[in-house]
Amino acid sequence: MEQPIKLMIIDDHPVVLQGFTYMFQSIPEIELAASFTEAMPAIGYVEKTAVDVALLDINLPDVYGIEACQLLRKARPSMKVLAISNVNEYSIIKRMLESGASGYILKNCSAEEVISCIHQVLRGEPGLSESVREVMANHAKADIPIVTHREQQVLALLAQGLNSVEIGEKIFISPATVETHRRHLLRKFNAANVAALVHRANEMKFI
Amino acid sequence: MMGKGSYIVAACFLGFNGFGSASNGLPPDSLALRHTDSLLGLIRQAPTDAQRFERYLDLSLYWSELDTARAFSYLAEARKLAGKRPTDFQRGLLHQFHANIVFGHRMDEAKAEYAVADRLLSSDSSAASYRYRSKLWNNYGVLLQIGDSADRYMDVIVNRVIPYAKAGRDSIAVGNGLLNIGLILANAQDFEKADQYYREAIRVFSTAKGAEEHQLTVNVQAARAAIFARRHPHARKYLDSAAAVFSRIPHSLYAAHYYRTEGQYYRSLKQQANALAMFDKAIGHADELNNPQVVRDIHFERYATYRDAGDFRQAKASLTVANGFDAWAGLEDKMLHIHEMAKTEHRLGNFEEAYRQLEGYLVLNDSLQQRDAARNILGLEKKYRTLEKEKEILQLATANQRQQLAMDRVVLWLILAVAAFVIAVITAVFWRKLARSNKRALFQNEKLHRQELQAIKQKERVNQYRTVIEVQEEERNRIARDLHDGLGGLLAGMKLRLSTIAGKVHVADGTLEPGIKKVISELDHAANDLRRIARNMMPEALVHMGLRPALTDLCSYLDTKTTAVKFQGLDMREKYPHELLIGVYRIAQELLNNAIKHAEASRIIVQCSDEDGCLSLTVEDNGIGFLVERDRYTGLGLKSVENRVGLLMGKLEIDAETGRGTTVNIEIPIADGATD
Numbered sequence: 006m007e008q009p010i011k012l013m014i015i016d017d018h019p020v021v022l023q024g025f026t027y028m029f030q031s032i033p034e035i036e037l038a039a040s041f042t043e044a045m046p047a048i049g050y051v052e053k054t055a056v057d058v059a060l061l062d063i064n065l066p067d068v069y070g071i072e073a074c075q076l077l078r079k080a081r082p083s084m085k086v087l088a089i090s091n092v093n094e095y096s097i098i099k100r101m102l103e104s105g106a107s108g109y110i111l112k113n114c115s116a117e118e119v120i121s122c123i124h125q126v127l128r129g130e131p132g133l134s135e136s137v138r139e140v141m142a143n144h145a146k147a148d149i150p151i152v153t154h155r156e157q158q159v160l161a162l163l164a165q166g167l168n169s170v171e172i173g174e175k176i177f178i179s180p181a182t183v184e185t186h187r188r189h190l191l192r193k194f195n196a197a198n199v200a201a202l203v204h205r206a207n208e209m210k211f212i
Numbered sequence: 029m030m031g032k033g034s035y036i037v038a039a040c041f042l043g044f045n046g047f048g049s050a051s052n053g054l055p056p057d058s059l060a061l062r063h064t065d066s067l068l069g070l071i072r073q074a075p076t077d078a079q080r081f082e083r084y085l086d087l088s089l090y091w092s093e094l095d096t097a098r099a100f101s102y103l104a105e106a107r108k109l110a111g112k113r114p115t116d117f118q119r120g121l122l123h124q125f126h127a128n129i130v131f132g133h134r135m136d137e138a139k140a141e142y143a144v145a146d147r148l149l150s151s152d153s154s155a156a157s158y159r160y161r162s163k164l165w166n167n168y169g170v171l172l173q174i175g176d177s178a179d180r181y182m183d184v185i186v187n188r189v190i191p192y193a194k195a196g197r198d199s200i201a202v203g204n205g206l207l208n209i210g211l212i213l214a215n216a217q218d219f220e221k222a223d224q225y226y227r228e229a230i231r232v233f234s235t236a237k238g239a240e241e242h243q244l245t246v247n248v249q250a251a252r253a254a255i256f257a258r259r260h261p262h263a264r265k266y267l268d269s270a271a272a273v274f275s276r277i278p279h280s281l282y283a284a285h286y287y288r289t290e291g292q293y294y295r296s297l298k299q300q301a302n303a304l305a306m307f308d309k310a311i312g313h314a315d316e317l318n319n320p321q322v323v324r325d326i327h328f329e330r331y332a333t334y335r336d337a338g339d340f341r342q343a344k345a346s347l348t349v350a351n352g353f354d355a356w357a358g359l360e361d362k363m364l365h366i367h368e369m370a371k372t373e374h375r376l377g378n379f380e381e382a383y384r385q386l387e388g389y390l391v392l393n394d395s396l397q398q399r400d401a402a403r404n405i406l407g408l409e410k411k412y413r414t415l416e417k418e419k420e421i422l423q424l425a426t427a428n429q430r431q432q433l434a435m436d437r438v439v440l441w442l443i444l445a446v447a448a449f450v451i452a453v454i455t456a457v458f459w460r461k462l463a464r465s466n467k468r469a470l471f472q473n474e475k476l477h478r479q480e481l482q483a484i485k486q487k488e489r490v491n492q493y494r495t496v497i498e499v500q501e502e503e504r505n506r507i508a509r510d511l512h513d514g515l516g517g518l519l520a521g522m523k524l525r526l527s528t529i530a531g532k533v534h535v536a537d538g539t540l541e542p543g544i545k546k547v548i549s550e551l552d553h554a555a556n557d558l559r560r561i562a563r564n565m566m567p568e569a570l571v572h573m574g575l576r577p578a579l580t581d582l583c584s585y586l587d588t589k590t591t592a593v594k595f596q597g598l599d600m601r602e603k604y605p606h607e608l609l610i611g612v613y614r615i616a617q618e619l620l621n622n623a624i625k626h627a628e629a630s631r632i633i634v635q636c637s638d639e640d641g642c643l644s645l646t647v648e649d650n651g652i653g654f655l656v657e658r659d660r661y662t663g664l665g666l667k668s669v670e671n672r673v674g675l676l677m678g679k680l681e682i683d684a685e686t687g688r689g690t691t692v693n694i695e696i697p698i699a700d701g702a703t704d
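If you read the sequences in order, they're chains A and B.
Sequential numbering from 6 applies to the first sequence in the working numbering.
Sequential numbering from 29 applies to the second sequence in the working numbering.
Watch out, some of these pointers could steer you wrong.
[Stated by the list, open to error] Computed cross-link-like contacts, PhoX-like style, restricted to lysine-lysine with a CA-CA straight-line distance of at most 25 Å:
#, chain 1, residue 1, chain 2, residue 2
1, B, K667, A, K210
2, B, K221, B, K139
3, B, K362, A, K175
4, A, K210, B, K589
5, A, K99, B, K589
6, B, K679, B, K487
7, B, K625, B, K603
8, B, K679, B, K594
9, B, K485, B, K475
10, B, K532, A, K11
11, B, K603, A, K99
12, B, K298, B, K371
13, A, K79, A, K53
14, B, K298, B, K265
15, B, K679, B, K667
16, B, K546, B, K589
17, B, K485, B, K362
18, B, K594, A, K99
19, B, K487, B, K371
20, B, K475, B, K487
21, B, K265, B, K237
[To be verified] Selected chain B positions facing chain A (in silico; Cβ < 7 Å):
#, residue
22, H512
23, M573
24, I633
25, T646
Don't read these hints as lab results, they were simulated from the structure.
Backbone N, C-alpha and C fix where the C-beta goes; we use that ideal spot for every residue, glycine too.
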């Protein structure tokens with residue numbers, strides 16, 4: 006590697022900044038070009054100066070990380086953004102990645118992980134630290150619909166050919182409530198009418 | 029700390045000269061018995077029944093804090109001696125000493141008895157009667173102070189206690205009155221004014237006989253106030269005077285307080301060695317007195333001394349000892365200790381332990397807030413009820429008057445009609461009917477009034493509850509922020525540096541100290557704990573992403589191999605009003621908590637849908653579902669769900685059957701266009 010990787014850090018916590026500075030001192034292929042405690046000055050900086058990778062904290066005093074990420078990408082599209090955060094909530098991670106971040110690492114990951122994630126995003130791969138990958142994997146969605154007990158009852162009676170009024174009388178709920186359950190079932194099974202619903206539910210062994 | 033001190037001395041007035049400070053802690057049994065023997069001796073020697081009567085009262089007082097049954101039996105002896113026709117003076121004293129016995133545990137009764145006693149004693153203008161009245165009023169004032177009316181206590185001392193003590197020529201009681209004023213002022217942080225009263229008290233005590241115990245007390249308290257005001261030369265002077273008095277009464281019950289204050293003086297001057305020596309002496313005396321609260325406080329002082337000196341290992345040891353007396357401490361005090369412990373562990377680098385302490389702190393904080401909230405609501409409600417009752421009476425009174433006037437007019441018309449025309453009888457009947465309907469209207473009006481009041485009251489209560497909830501949520505948000513920003517950053521920075529160092533060592537000699545690895549994994553542990561706590565307090569997704577992502581996250585986070593938790597959101601909007609957002613999330617959190625913890629469910633479904641201006645949340649589990657049984661475990665949890673639903677004007681439905689699991693259904697109307 007001839008040219009060192011130019012890196013920028015945006016984090017409002019001094020101890021974190023110190024930690025990174027200390028870490029990158031001993032790594033020749035990475036050059037810590039600048040560090041900021043707020044997002045807006047950093048955005049101003051990359052508008053004028055070329056930077057390869059930005060490490061971006063999510064909780065910043067001036068702009069929330071998701072917006073900051075979009076602004077940074079807009080200011081310098083060639084620069085990769087790697088989110089660093091203490092938050093391991095799925096929807097936040099997902100939203101950061103949707104907002105243009107190339108990777109997401111938790112702040113307590115090890116020095117090696119940080120460096121390997123930096124290399125990954127530069128190669129164009131997603132740079133996710135191990136614990137982030139776990140969160141994402143846990144979240145993998147099953148395609149099987151989730152059906153409540155009441156809906157299950159309604160489904161079974163619909164399959165027998167009963168209408169809303171009859172179903173309501175059978176399980177002691179109002180026809181309007183039966184209608185609601187029916188609508189929900191159609192949505193969940195992605196069916197256009199009751200016939201398609203019963204067919205699909207049958208296929209999936211719900212009835 | 030100041031508050032405690034004031035209560036100790038103020039209450040000591042209960043006792044009589046010389047033994048006053050004993051009321052604070054239980055003296056050793058042998059001492060009590062010796063004292064009882066000497067008093068019984070006095071009774072035998074007393075020449076008249078009237079004198080024996082008062083000696084028995086002394087005995088009753090002495091035992092009133094040690095053994096109420098015994099105190100009452102001595103009071104009965106006194107009553108016997110008073111005979112069939114007691115004087116007003118004697119009757120007054122019997123009431124006063126009855127109040128003294130119930131003083132600590134039945135305060136309202138004590139107040140009433142003191143009032144009766146004062147009325148009876150006021151018919152006797154002897155010096156003795158005034159002396160008793162001075163004491164009586166002081167105790168009455170202490171009860172006011174316990175009920176948080178420090179101003180009225182002050183008023184009582186100035187206008188009753190001191191004047192009566194002077195009339196009774198009891199200079200010790202005058203001095204004590206001045207001392208108590210000083211304590212109240214010092215409590216209010218007005219050290220300069222407090223000092224004036226302390227000086228006055230010292231002057232009065234100096235002329236009294238056998239007042240050493242009181243001289244010691246007032247000098248120690250004056251020194252304390254001077255230390256708080258950071259006027260060290262002043263403090264030294266008072267302490268020197270205290271030392272001189274103390275040398276004459278080396279077995280004083282106030283010895284522990286004296287040495288503690290000496291220690292505080294040195295601590296304040298940063299003379300650690302001297303301070304510690306004094307605290308050690310103080311602990312010795314406090315141990316003898318068998319007073320765990322004082323012992324606990326002094327150990328805390330030791331802790332603070334070491335902490336200020338930067339010796340955290342010793343500090344921790346002292347704080348640990350102090351915590352051994354936790355059983356005698358209040359909630360706020362415990363919180364202070366646990367918070368200090370967390371800080372100490374942090375300084376010592378024991379992060380895991382620091383976290384455990386911090387978690388303990390949060391738990392205590394939670395229960396404290398719940399307690400305070402409950403108290404506030406009770407207090408507000410009581411106030412409100414009294415106010416409302418007055419208003420209600422007023423309103424009804426005016427309404428009644430108006431109706432009464434209207435009826436009078438009807439009667440007048442009737443008489444006129446009868447007198448003028450015979451035909452008017454029919455008209456009269458007609459008018460009477462009208463009157464009756466008017467009467468009915470009056471009743472209905474009254475009912476309406478009452479209903480309106482009920483509605484206002486209800487609204488007020490809801491508003492109070494809403495405020496409590498809002499404050500609680502704000503606080504949770506703040507704690508979550510603090511955890512992320514403060515400790516979170518700190519841990520992350522440390523981990524980065526440590527893993528860099530570990531990497532370097534590894535490259536240099538190819539081996540890695542296993543200790544370092546362990547510390548790194550402990551740091552990870554701490555960071556995970558922190559995330560879990562912060563997330564419980566206030567999830568990031570809820571604040572920045574909305575209800576659906578937050579509920580999705582919550583369910584997938586709780587989704588484990590033993591309990592499957594699935595979320596289904598239907599037609600949900602991106603934004604909801606803030607109150608609804610937080611409310612629904614907390615309800616879901618609470619219901620999930622119940623299902624996982626108490627219902628032994630293996631599958632839970634959370635469904636949230638938004639239709640026809642109504643948000644509905646369904647939480648369904650396949651657990652044991654036995655509502656009565658569950659209520660016993662989760663009464664509080666369900667109650668808070670009910671309250672939250674009520675605040676959002678929603679409906680709650682619980683369908684639980686043994687063996688079939690539980691389904692909770694909630695429907696909440698969404699105010700139109702009210703999204704933020």
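Can you list which hints this structure breaks, lowest number first?
1, 2, 3, 7, 16, 17, 19
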